[in-house]
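Enquirer: As a plain string of letters, each chain reads:
Number of protein chains: 2
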Amino acid sequence: MYRLLEPGPVVLLTTARHGKANVMAMSWHMMIDFDPPLLGCVVSDRNYSFKALKATKECAINIPTASLAVAVVGCGNTSGRTIDKFAEFGLTATRASHVTVPLIRECYASLECRVVDTRLVARYNLFVLQVLRAWHDTSVTRPSTIHHRGFGTFMVAGREIRLPSAMA
Amino acid sequence: MYRLLEPGPVVLLTTARHGKANVMAMSWHMMIDFDPPLLGCVVSDRNYSFKALKATKECAINIPTASLAVAVVGCGNTSGRTIDKFAEFGLTATRASHVTVPLIRECYASLECRVVDTRLVARYNLFVLQVLRAWHDTSVTRPSTIHHRGFGTFMVAGREIRLPSAMA
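First to last, the protein sequences are chains A and B. Okay, so the first sequence: first residue is 1 according to my numbering, each after it adds one. Okay, so the second sequence: first residue is 1 according to my numbering, each after it adds one.
Treat the hints with caution; some may be incorrect.
Given that identical chains are not distinguished, each listed pair holds provided it fits within a single copy or across any two copies.
Claimed, not checked - Lysine to any residue pairs mimicking SDA-like chemistry, simulated, CA-CA at most 25 Å apart:
id	residue 1	residue 2
1	Lys51	Asp35
2	Lys51	Leu120
3	Lys54	Asp117
4	Lys51	Thr138
Worth flagging that the hints you see were computed from the coordinates, not collected in a lab.
Only chain A is shown next, with the shape it has when bound in the complex (with noise of 0.2 Å):
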């Protein structure tokens, strides 16, 4: 899980309330604890997002290599209020086994996410979750995975380096 989330990505975080499922683009995360394994994510309460992350306290966190940055950047620009993100950007969504929310089928990996803490979130939208199943294609090795410099520019994983480290 650490793995998949220190080196930054660009994430699709899913919800579902009501019958009706969403989907929004997120770089405002964060890991916090390995065991048990939480996050930490700001959700702001202008994002449609907000209220189902906040009334179900579930939702899933899906990671995107850059074959999606087109959707990701529709996901972005769009809102859930309006139109149904799936179907407007090819997006499949599948049944998660720990939550109700869908995963995305195209994206490399997936977290199914329950909130556990939600002292910050009437100052800072900050929620923190716990990850209760990830999951991963094992066939992706080095994800070229996007990660967000602003006004439109995202950085697309390069190269890898080794250096003997004591860091977990």
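Based on these hints, arrange chain B on the given structure of chain A.
Expert: The following block gives chain B in isolation, referenced to the frame of chain A:
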């Protein structure tokens, strides 16, 4: 500030206490807000930097590029309890303007920060920081930041793509 942090680089966190400066490598950070500029980070209470950060409420986040990878891993594999990491890894401490911790000259960007919320420190070691001043080398437009993938593996920032985005 967010354009520096959102792509998820490994950063070097500097602290100082009782006249002694220290550096640690950190990947667990995220943006929280634009105005005021806030970010979150997790500093384990097993890290030597934890006490200094908690006591002084000051730090700087310095962003290295791939040329500093050996120093970054060195900082991650050692403790300020036993060595002076600035001397050991050839890092130059320079004066900050709004905090009393040093910045690292060899890094292409530095954020001077003050701790503004400690509600999640006891439970998660999660600090909310306000960025008081941001510095960056304006000659570096596509920084070869390094991104932790775990177990001694780092992704180096690759090519850049541009897509029409309404996301700031």
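Enquirer: Okay, which hints does this one fail, numbers in order?
Expert: Of the numbered hints given earlier, the structure breaks just one, which is hint 4.
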